[in-house]
Amino acid sequence: MADSTRKGAGDHPREAGVLLHPTSLWGEWGIGTLGGELRAFVNWAAEAGFKWWQVLPLSPTGVGNSPYQPISSFAGNPLLLSPELLHADGLLTREELATASLPPEARVDWGNLLPHRFRLNGIAAARALRLNPRGFSEFCSAHAGWLNPWAAYAALKEAGDQAPWWQWKAQEPNPELEKVHRMVQFLFHEQWSRALALCESAGIRVLGDLPIYSSLDSADVWSRRDLFMLDEHGAPTVVAGVPPDYFSSTGQLWGNPLYDWKAHAEEGYQWWAHRLSRTLELCHTVRIDHFRGFCDYWEIPADADTAVNGTWKTGPGIRFFRKVSRHLGGMPPIVAEDLGIITPEVRRLRDELGFPGMVVLQFALDDPDFIPSRVSRNTVIYTGTHDNDTTRGWLESTGRHQSLEDVVSTALDSPSKLCVLPVQDILGLGAEARMNTPGTAWGNWSFRLRPGSLETRNARKCRALLSSGGRA
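Everything in the sequence shown is counted per numbering that gives the first Met the number 0, starting at 0 for the first residue and increasing by one.
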């Protein structure tokens, strides 16, 4: 992300972005996809004056449907495949396409959606294998390092009725099913490449997102158990989380297995270099969630009931980034999610690397020492994130005197090089539109836009607001 400031006072004008995960787009498929609904959104965002689109992790999700608990750090989420585009490419018949349409739901109905879409994707992939589309072999060869373990894991998981890998009874390879899962990833690659090209033609760049940790039940851990803190049976000895904070008096017990950083260092952090390289194939810049974990991280005993009784451990620090940058041919473009309890050591690491940090107004405005005009230019400022209530919901629940437009204007007027607004705040939605409540396992990640939410009228209003903040 290029450094920028106010037009006329530096190199480039400050910019604005919109935060919206593709699953939240409105359409007839039960979940947002990479088809017509995405094209409509990109056109709206360009008309509104946005230069960035921020997404959540694009990986396939596991239990709880959280994109921050992916079952692969490399694969794309098959649920984002557009049945409309699969039909246009000759991979679904008109009759099969008709069965892809689901009754309109205000929220994503994950339980109903998953088996329905997996069946259709399997049909499309099997048909594509018979057609052997151009580029498939090259894709498989170029991505074999992560694609082969993913295909094996996904095939075994399907054969095991989606049970976690440590409960699989049979682990015999299924070459035919593995081919189907490779093809599904190729189809995702093709559709996402079109989406990126569409964004670029509209002058919009994509800000991706990368969870620092992998899920225990994931192709990552299953295939590279040597890189994680596991016992001889594959069970975690210690797990990730954070101590008591703004969201929870008992902390957050994420449960992800922690990295064996010594093992990563011994292989020159190649796994991480591949992970970042793959992520940056899908976006222009990446936000790394929980950046603090590279400086120090909260280690919790695997049998703990809460995150209270953990201890801080030293992370790999700047040596990690220097080594990874050598693998990648330069320092990757990263935004550091540096929220929560941040120490001077974390700030020094961020600043030495030159990464932008984050400012979230729902936290900052409660700090009596916070002065919006003094925010560092090398930051990305938000009204709220996917983990916050919507700003309207937050204002209503806290009884604050500011209006929603006041908070949005504060973000836009700040010196930050990039201001990212959740689409809920752009549309003035309340707490019912919240994406995620940290510390809760269910009822999250299901927000969807309503039909007609993205109109020319509100795009023009948004552009005027961005212009008043010097960001359109």
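FYI, nobody ran anything at the bench for these hints, they're computed from the structure.
Heads up, a few of these hints could be off.
Claimed, not checked - Here are the simulated DSS-like pairs of lysine-lysine, each with C-alpha atoms no more than 30 Å apart in a straight line:
hint, residue 1, residue 2
1, Lys312, Lys261
2, Lys156, Lys168
3, Lys261, Lys178
4, Lys178, Lys168
Here is how each hint holds up against the structure:
{"no.": "1", "hint": "Lys312 with Lys261", "result": "13 Å, holds"}
{"no.": "2", "hint": "Lys156 with Lys168", "result": "11 Å, holds"}
{"no.": "3", "hint": "Lys261 with Lys178", "result": "34 Å, violated"}
{"no.": "4", "hint": "Lys178 with Lys168", "result": "22 Å, holds"}
Hint 3 alone, counting from the list given before, is not met by this structure.
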